Structure formats: C-alpha cells, structure tokens
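Number of protein chains: 2
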Amino acid sequence: MIEKLINVAAKREKAELVLKNARYVNVFNGKIESGDIAIHMGKIAGIGSYSGVEEIDVANFTVVPGYIDGHVHIESSQLSPEEYASLIVPRGTTTIVADPHEIGNVCGMPGIEYIAKASENVPLDVKIMLPSCVPATPFETSGAVIDGAEIERNIDSGYIYGLAEFMNYPGVIGADPDVIKKLEAAQKSRKVIDGHAPTVVGDELNAYICGGISTDHECVENSELEEKLAKGMYVHLRHGSSTRNLVSNSKSVTASNMRRFIICADDRHAADLKEKGDMDDALRTLVRSGFNPIWAVTIATLNTAEAYGMKWKGGIAPNWTADLVVVDDLENFNAKYVFKDGKMVAKDGKPLFDTSKRYLPEDVLNTVHVRDVRPDDFKYEINGNFVNAMTIKPGNIVTGSEVVRVKNIGGDIDVSGTDLLKLVVVERHGVNGNIGKGILKGYGFRGGAMGITIAHDSHNIILLGDDNASMARAVEELKTIGGGMVIVDSAENRTYSLPLDIGGLMSSKAAESLQRESKALIERAYSMGVDREQEAFMSLAFLSLSVIPKVKILDTGLFDVDKFAFMPLEAEEGPKNKVVVNVKVK
Amino acid sequence: MIEKLINVAAKREKAELVLKNARYVNVFNGKIESGDIAIHMGKIAGIGSYSGVEEIDVANFTVVPGYIDGHVHIESSQLSPEEYASLIVPRGTTTIVADPHEIGNVCGMPGIEYIAKASENVPLDVKIMLPSCVPATPFETSGAVIDGAEIERNIDSGYIYGLAEFMNYPGVIGADPDVIKKLEAAQKSRKVIDGHAPTVVGDELNAYICGGISTDHECVENSELEEKLAKGMYVHLRHGSSTRNLVSNSKSVTASNMRRFIICADDRHAADLKEKGDMDDALRTLVRSGFNPIWAVTIATLNTAEAYGMKWKGGIAPNWTADLVVVDDLENFNAKYVFKDGKMVAKDGKPLFDTSKRYLPEDVLNTVHVRDVRPDDFKYEINGNFVNAMTIKPGNIVTGSEVVRVKNIGGDIDVSGTDLLKLVVVERHGVNGNIGKGILKGYGFRGGAMGITIAHDSHNIILLGDDNASMARAVEELKTIGGGMVIVDSAENRTYSLPLDIGGLMSSKAAESLQRESKALIERAYSMGVDREQEAFMSLAFLSLSVIPKVKILDTGLFDVDKFAFMPLEAEEGPKNKVVVNVKVK
Chain A
27 MIEKLINVAA KREKAELVLK NARYVNVFNG KIESGDIAIH MGKIAGIGSY SGVEEIDVAN
87 FTVVPGYIDG HVHIESSQLS PEEYASLIVP RGTTTIVADP HEIGNVCGMP GIEYIAKASE
147 NVPLDVKIML PSCVPATPFE TSGAVIDGAE IERNIDSGYI YGLAEFMNYP GVIGADPDVI
207 KKLEAAQKSR KVIDGHAPTV VGDELNAYIC GGISTDHECV ENSELEEKLA KGMYVHLRHG
267 SSTRNLVSNS KSVTASNMRR FIICADDRHA ADLKEKGDMD DALRTLVRSG FNPIWAVTIA
327 TLNTAEAYGM KWKGGIAPNW TADLVVVDDL ENFNAKYVFK DGKMVAKDGK PLFDTSKRYL
387 PEDVLNTVHV RDVRPDDFKY EINGNFVNAM TIKPGNIVTG SEVVRVKNIG GDIDVSGTDL
447 LKLVVVERHG VNGNIGKGIL KGYGFRGGAM GITIAHDSHN IILLGDDNAS MARAVEELKT
507 IGGGMVIVDS AENRTYSLPL DIGGLMSSKA AESLQRESKA LIERAYSMGV DREQEAFMSL
567 AFLSLSVIPK VKILDTGLFD VDKFAFMPLE AEEGPKNKVV VNVKVK
Chain B
27 MIEKLINVAA KREKAELVLK NARYVNVFNG KIESGDIAIH MGKIAGIGSY SGVEEIDVAN
87 FTVVPGYIDG HVHIESSQLS PEEYASLIVP RGTTTIVADP HEIGNVCGMP GIEYIAKASE
147 NVPLDVKIML PSCVPATPFE TSGAVIDGAE IERNIDSGYI YGLAEFMNYP GVIGADPDVI
207 KKLEAAQKSR KVIDGHAPTV VGDELNAYIC GGISTDHECV ENSELEEKLA KGMYVHLRHG
267 SSTRNLVSNS KSVTASNMRR FIICADDRHA ADLKEKGDMD DALRTLVRSG FNPIWAVTIA
327 TLNTAEAYGM KWKGGIAPNW TADLVVVDDL ENFNAKYVFK DGKMVAKDGK PLFDTSKRYL
387 PEDVLNTVHV RDVRPDDFKY EINGNFVNAM TIKPGNIVTG SEVVRVKNIG GDIDVSGTDL
447 LKLVVVERHG VNGNIGKGIL KGYGFRGGAM GITIAHDSHN IILLGDDNAS MARAVEELKT
507 IGGGMVIVDS AENRTYSLPL DIGGLMSSKA AESLQRESKA LIERAYSMGV DREQEAFMSL
567 AFLSLSVIPK VKILDTGLFD VDKFAFMPLE AEEGPKNKVV VNVKVK
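Quick mapping for you: the protein sequence lines, in order, are chains A and B.
So the first sequence is numbered by this note's numbering: it starts at 27 and just counts up by one.
So the second sequence is numbered by this note's numbering: it starts at 27 and just counts up by one.
Looking at chain A on its own, in the form it has when it is part of the complex:
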C-alpha cells in the first residue's frame, strides 16, 4: 500500500484517478491553489502534473475536502443510516461523528452496534460515539441503562470512537460517582469526550471541562461561546433543523481563534437534508452571511478532523484521505462529484451507491413493549380544580408552566371545550407500565388523540388527546405497527399511522416514501387543530426531554427541570382564590 502510493507520487506508476486542472482549497495555508490531484488506493498521492488511468477534468469547479459533521444523531432524520448516507453523501459529507443516543435509549448497546454495522453498507465514514447519558436522567424509564460499568465494558470496543455528548452536566459538575466512572473509562482509553453544557459558564464550566470534555455544541450566547473557546474547548457551529446557531455564533470567529471552531448538524430532519442539504447548506448559509468561504471550508474539514483526532483527514495533500467534493463554487457549494476514499460515490446530487441495502437485525425491530391499555387508564383523578399545566412556545423546546383551572368531573378531568389537552407518557420498554400524566395548554389539537414513539430521550410513547378511548386506541395502534406516529380521529372513528419500525424511531423505508407519508400525517394533525407554528409530531417529541427547561412530562410524572425534581400535577389554588400564573418562562 505505502509502496504503491509512493510509486504513484513519484510517477513510476500511474494513478488510478486524476482530477485534472483542479482548483482547490488548501486548508493548510488558506489559499486557493491548483494542480492535478492524483488519487490512488483511497489516498491522494500527489498534487502537481499527473496522469491517471482515469482522468476527470475539473477545470470549471473547485475541489474541497469532504465535509466532516462533528456531531449528529442520525435518528433525528427518522432514516436508517443507509438512507441517511444516501441523502448527505451526495451533498459532500463524507464523515460524521454519530451519537446513537436515541436508539441507545431504546435498545442499549445492540442499538449502537446496529448503527455501526448499518453504516458499513455505505460510503460514509461513521465514527460512533458511545452515548454517555442513557437514560438522560435517573427519573424516567428507558429501554436500556448504559451506566459507568457498561461504559467501561464497551469504550474500548473496536467500533467505538469516543464518548458522546455528556448531557448530564450537573452530574459532571457535582462529580457524581457513576459519571466519574464513565469519564475515567473514556480518559483511560484516550477517547474524545464530547460536551453538551448549555449556559454553563464560570467555575461550573471549569469543573465541567475538568471531566476531560473537549467540545461543546450548545452555545447560545456568543459570550458563552467565547468563554468556552478561551477555556480550550472546540466549539461547534450548529446547523440543525430546529437549533441553528451557525450564523449568530459565527460572528465570534476571528483569524486568531478560527482553528478552534468546528461544525455539526446535531439533529437534522430528512426534509431539510433533502431540500436544503447538510454541511453544504451550512457552508452556503455561512458564506451568504458574509463569512470567509475558506474559513467555512476549514471549519467543516481540517478543524473538525483535528478536534476529533482524525489523522490525514480534512485536507487536500499527499497521503491525505481522498475524501473530496467537487463543487461549482465557494458560494453555492453545489456538489458535482463526491469522492470517498478515492471512489466517486455521488454525481450531480445523486448517490452512485446501492441505497436499497438495509441491515435490519431483530434487536432494533419490534421495540414497542407496551402494556395493554384501557380508556380508564387515561383518567385523571385529582381533588381540587387546579393543575400545573405545561405551556409551550412555538419553535422552542423550552416549556413553561402555568396554574390553570380544570373541570374536575369526579375521578377524571374533562378537557373538552377548553384549550387544554391530556398529555401522557406511556412506558413502552416492557419495564413497569408507567403512565405519566400532565396537562398541556395551547397545542391546538382537538377531536381524538395523537402520539409518537419518539419521546426524547427515553422514547416512551408520548400522547395527547381529548378523549380517553382515542388515547387508548392510539397506544394500541402504535403497538400494532411496532412504533411510529399515530392519529386517532374520534369523529371519523378512524386511525391513521406511519410505522417507524427501527426502534420506533426510524423508518426502514426510502426517504422519499417516508417523507410523503409523514407529510400527509402531519397535515392531518394540522387539520385537526394543531397550531401550525408547532412541528406537529416533533414538537410533541420534545415535551418529555427532561434536560431542557422548564417542565416536562415523563413516564414517571410531571418534572421540574430547573429543580431537577418531580412536581405534582395538582396545584394549590393561588392566594386570595386567584389563579396564579407562573410567568417565569425561559
């Protein structure tokens, strides 16, 4: 291998492939340079004047290194890893650092292994991070527990690249013993530990970093970002579907700190990947905002490779991995060709690899182990007439709470004729049959029930409705289809659903058919009253995310994230018999 490459570089042998007359971004000196790029056995052999067995003239294009997404949950696309690759590789992403946190919560280590093995079917380099926080908090019921001992057992597995985002930042700052065990295992094996510490600054940030955590992708304020960077962290510019701090955070980039910026998608929906793109869309967006295009490319390639210790990746030079994107220009970043390990794997936005292959082990199928439910299971027994309702702002996964008056009909709450809905989480991992109950204000749905088996982060069933029978029927349907999304229309007496057969999170179908079906279901939810500023099902999926303020619903009950403790559903009437409205919404 080495000998062959040297022989090609020295022109004693012909290169397999030469990109003739290339104009390329040199991330080492920040210049646009030119030459023929000789490619052999997956690597760049040389740049200069070369001839190859195959030659492609790229004179009218610009060559950039393949993009590296530093942190992404494939599951958020609701696509299999194979189908995910078929969307992003043609866009120019050739490497991702994947955190299979969602499937880890449902299936444990077999779910993580599934992502690794499925990824082998496609020409995308998938670095698997071992989820660090399964479950996200000890307060809820997940399908699996990956504790310190489990991390110790698995961190050195060949397919594990590092320890994934440490979301339990209070646990790190507080030096929780099981957290320490996880961090120690990762440090011992010299693995990268990803961070996730929204709003954490000052001494607490010092403490967090002392866990050996070297990246963060949760910066909201630029001052927070700049402090994290100053304290040695690599900081992600994030270009997710919901959370996009790319452009605002990019205002902190200077010539002196540019090398410490990296990039990620975090969570990106199939529709965005298909219609807008992936890292290419991030670059386009940055450059359109006035950002230096060479910096943009460097951040998405060399910097991310360095942050994650990927050698010989992210640059165009001899002996570097031949992951290359041939784009029209550094403004539009439209990928004409994509090369992975020296092979052309996409052309004109279309994958050139088999996109129909699916690795589908039993472990990740049939994961809805929910108990039989009856309408009576959704009765709400309270004593008085006031409850702590959850409130939700459109486009924001941060929730609030408000004390509201409800109609207590004796042994149940009747939400009909109000802007309130029953919101429940039904445990679906076959552990305890819990049903956590809350009241949601202002979502807008009426006339039945809707639910989904994606409910961050434990992925139980999250379900809302205004009649108990529909709610029970929705659960039954989700059980029948093996996980997915469901709407029960009580007026029509009909059930509409879409299976997400892989862990109840992802579909084994092609992106196109999944999108078509899911669009129809989402439209039905809107037609049944869901506020169009909500994301119908996906906004629902975040109402159980117990690491995001302020009040969330878990299978174990209503949870106050700020206090990190449960709170009662039933509220005391406020002083002087008035309804107390809690206005402190972050």
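Don't read these hints as lab results, they were simulated from the structure.
Remember, predicted model here, so these are calculated numbers, not experimental data.
Keep in mind that a hint or two might mislead.
Heads up, the list lumps identical chains together, so a pair's fine if it works in one copy or across two of them.
[Claimed, not checked] Capping the alpha-carbon separation at 20 Å, the derived lysine to aspartate or glutamate pairs in EDC-like fashion look like this: (1) K57 x E252; (2) K46 x D354; (3) K300 x D354; (4) K30 x E538; (5) K217 x E332; (6) K40 x E230; (7) K545 x E561; (8) K300 x E81; (9) K214 x D182; (10) K419 x E561.
Given the coordinates of chain A, work out where chain B should sit on it, guided by the hints.
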C-alpha cells in the same frame, strides 16, 4: 483524580497551588487574559477567582504554557539527559521530542532505552522517537543496525512515542523495501513519523510525504518551506547551534498558516543552552526580529503539541497539563518560575530538582571497541601524485572536493609542509577494524593529530593529523578514556584529552566542568593552527556525515554523497597534465 480536579474547579476543595493575578497568553484565541490559575494534581483546575493551599502572586509577570521542543538530539549537547534537563527546564522547556539517533548508532536499542530511563530522573517530559535511520546509510559501519524488523519489534514499546526523522529520503522516494517496512510499522501503530528532507520538493516531496511523514525541520529556502506546508506538513522553525533558520523561515508565517508552524532545537550545544538559552532564546530571537509574540508562544506550545498528538498540552485552560512558565515579559522571556505537572521545578533560572542523579547503565559505557593500531596503519599507498581531496567552508557542513597534487613518498603520502591533512575514520564498534582514508584541505591544524569519537552518524573515530605516530597515539588515547576528544602534540610529545564516557558522545559530568575542559581543549586545537572559523572538533564530527553533500569520509572510504557511491582517493591527472579543480561546491 478526575473527581478531585472537578471538586477544586467547583471550589468544593482548595487547590494545591494558585498563581494569583495571572496575566497569561491564551493560545486558543490569541489574547492576553487574566485570572487566578488554580493548579491541582498536575493539572490546571480552573481560571477565575481561586484560593489555594499555596498561593504565588504573579501580578508582575506573564504566564505562558511550558515550551515544547518538537525535535532535538540531546546527544548534541554532549550532556546526559539529566544535565540537559537542568539547563533547559529553568529556561521554560517542559517537553521535548527527543531523537536519540546518535546513541542509537553506537548502542542500538539499549542506548535509546538509556535516554528514556535517564529522563525519568528529571521533571522534563521526554517523548522518545525511535531512530529510523541507523545506520544513516548502508555504506558505513555503525555500532548497531535498526532495520525494519527491529523497528517492527520496538515501535509499540511503551517508551517509544514515534518514528524519528526519516533522513533516508532517497530510500522513501525510491520505496526501498526495508524503508517501507519501517514506515508500515509506524503507520500501523498510528505513530507520528518525523521528516528530514532538505531541498526535496515537487513530485519527490509528494512521494516522501506518502510515506506517512508529517513534519520537516530542514527547510532552507522559504519557497521550499511553503511548499511543504501547503502539502500538509508541519514545518519546524529551527533554532540549533549551527543550523538556525528560525528568523528567515519565520518570514513565511501568516495568520492563515500559523497553526502549521512548530519549533525545534535539533542540535544545540551546552554552551548555547547555558549562555543563550533554549526555546526561550528562540522566542526572544523571533520577537526581536519583529515576530508577533503571541504567535511565537503558540508555535512553541499548542502547535507543537498538536503536531505530535499530545492531548491537553500546550495551553492554559481547565484540565490542561500544568506545565507553565512565568516570564518577565513577552519580549525577554526570562523565566521567573517554571512549573512542570503543577510543581515548581525552577526559579530564577536555577533548577529546583536534584541535578546530580545519573542513570548510567553498562550498556552505554566503554563503547570504544577499536582495534590496536600502529603508525603504519595510517600510511596512504597510492600510485600517482593526485588525490581527490575534501574541502570545507567555515560554518557549513556541506563539503566540496578538489583534485590536488600530493607528495607520494612511496607507500605513503607526506603532507608535511602543505595545507593538506590526513583525515581518517577508524571503525570503533568492534565490527571490522576498517580505516577509511581521505585528504582534507584547508583545516589548518599542524604538528600532531586530533580526533573525536563523535563522527556523524555512525560515530566511529574521526581523526586528522600530519604524522602517523601521533594519529596512532590519538586512537590509543580515545580507547583508554572510553571515548571523547583528543589532541596529540608531536612537538611537545604530549596528549590532551577529554572523556565523553556515555557512548563516546556525552559526558556524565556537570555541564559546567565539561564546558570548562572542552573550552581548553578547543583552544589548544586553535593554537595548533585550526582555522578559527571552524568549530575545531564539531566541524570535524560532521566530515563523516554521509547524508550531507558533497564528499565525506567513512570508515569504508571516501564517499560521494551526490552520487551516493564511493569514490577513489586517488585521482587521475586532469586533461593536458593540469590539475583539475572541481569547483561545483554547493
């Protein structure tokens, strides 16, 4: 450990040490920042407002990360690793990447292990690179051979950090099978491979880098440097005693490529270390030349750490190694305090550690295994009256050659009354008793012999003289003292010598006494006629370095470096009976 550090960062426990009111160089954002630096268990726990069990007010100083020398041969100081550390640590160098190439050539792997073990006596982090080219060429006799198989056996040893400078660049470019074996072994174990490729550019450079070689410290021309950098190499600014391209090469540094520059000493004499300094002198020199001081610090710290894959080193931030230098300012870089792993190890330029410890295993002592020699062994039998003489320019290790007329006295050459000297290399590793013979023009010594057991790179005895008896006597003396430097004065009939007891290369004495004695011996050499523009003994030591053009003397004979082949001592008379002078001197 992790827990303790977090507790200190979060102020639940007191730090062992706090540098109060620190002004420090933040290499992550290129700013000067301030705060208390809390240090605990060898790491920085946090920067902010901290109190410690011990506190040192550094308000009037500037704190920078400990310097990292990216490539150095400790042997060039002629000091033991312990004594070497006692000179450089008080200057602020806390980590070095050491290539024990010289002792490797004499003692093989035991010599390399010696450097590693001796380094454990001192608070200096010594990363040991496995010498890649022992012997430097297959044409000479060294004390050891470290071939591909030996590299394979040792590259994964715990104390080996990487593969040292690959000087055999023709072997890499030509894909020599044993060279490939070495490169493959290093790549397989994911080790850094250092480069050494003077003047190599173009396709040959592509080929060289395809060996997996990621650094170079041999750039002379800036165009060469810029090409190497553009091709993905980290480029060393070198601040050696003889070879200093620091300032001239630094003219190539820009904001866009700065991150790819690193720094090294390569070869630095004890006198320079003592009088001028080490990396601190490099920084001083750079800044005085107008170089950005923050860039200078970054190059000597974070950049070098990144190039060599040292995690959590080279920066001042939470969880980073507490290797710190407290300097007066960023102009003079005078070190007030030096901290290694959080401990104060030097103050006011003086080491605070035991400098008298020496690890001295049998393996590296008594290494002069030379055969008994008689004056007749130094007779030169030639047929005609012309020889290819070596020529030497002061201050330059590149040599030339010239055809000169000699006095053939039948069975010997008489150099008396000329500007010619006999120059020989006597094999001293107990292998074959070779004596390679040459004629040196213009060195200036007269009236006896002088020699040294440092003779790059195989470190046989290199010896010059104008009478055979003195030359034989010089060899006997070197044998008696176990290696070192010698002068025989035939007029006085006296011998003067200085032992270099460690491998015939280094002294186990303290720097001061070695310097005093060596100064006296050097002065004697000058008084016997050595051109004062030469370095007396050290210029001699490079006349056998067969990888530097143009003509060198080996134990096996006269060697044409450009042709990479032996050349005869005896020359044909030139056309028309004139003396042919070869003027092509690089």
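The hints, checked one at a time:
1. K57 x E252: Between copies only: 12 Å across chains, 26 Å inside a chain, cut-off 20 Å.
2. K46 x D354: within (15 Å within a copy, 54 Å between copies)
3. K300 x D354: For K300 and D354, only the intra-copy Cα distance (19 Å) is at most 20 Å; the inter-copy one is 57 Å.
4. K30 x E538: neither (42 Å within a copy, 52 Å between copies)
5. K217 x E332: Intra 13 Å, inter 16 Å, cutoff 20 Å: intra and inter.
6. K40 x E230: between (57 Å within a copy, 15 Å between copies)
7. K545 x E561: The answer is within: 11 Å in one copy meets 20 Å, while 82 Å across copies does not.
8. K300 x E81: Answer is neither; intra-copy 30 Å and inter-copy 58 Å both fail.
9. K214 x D182: Answer is both: 10 Å inside a copy and 18 Å across each meet the 20 Å cutoff.
10. K419 x E561: within (11 Å within a copy, 79 Å between copies)
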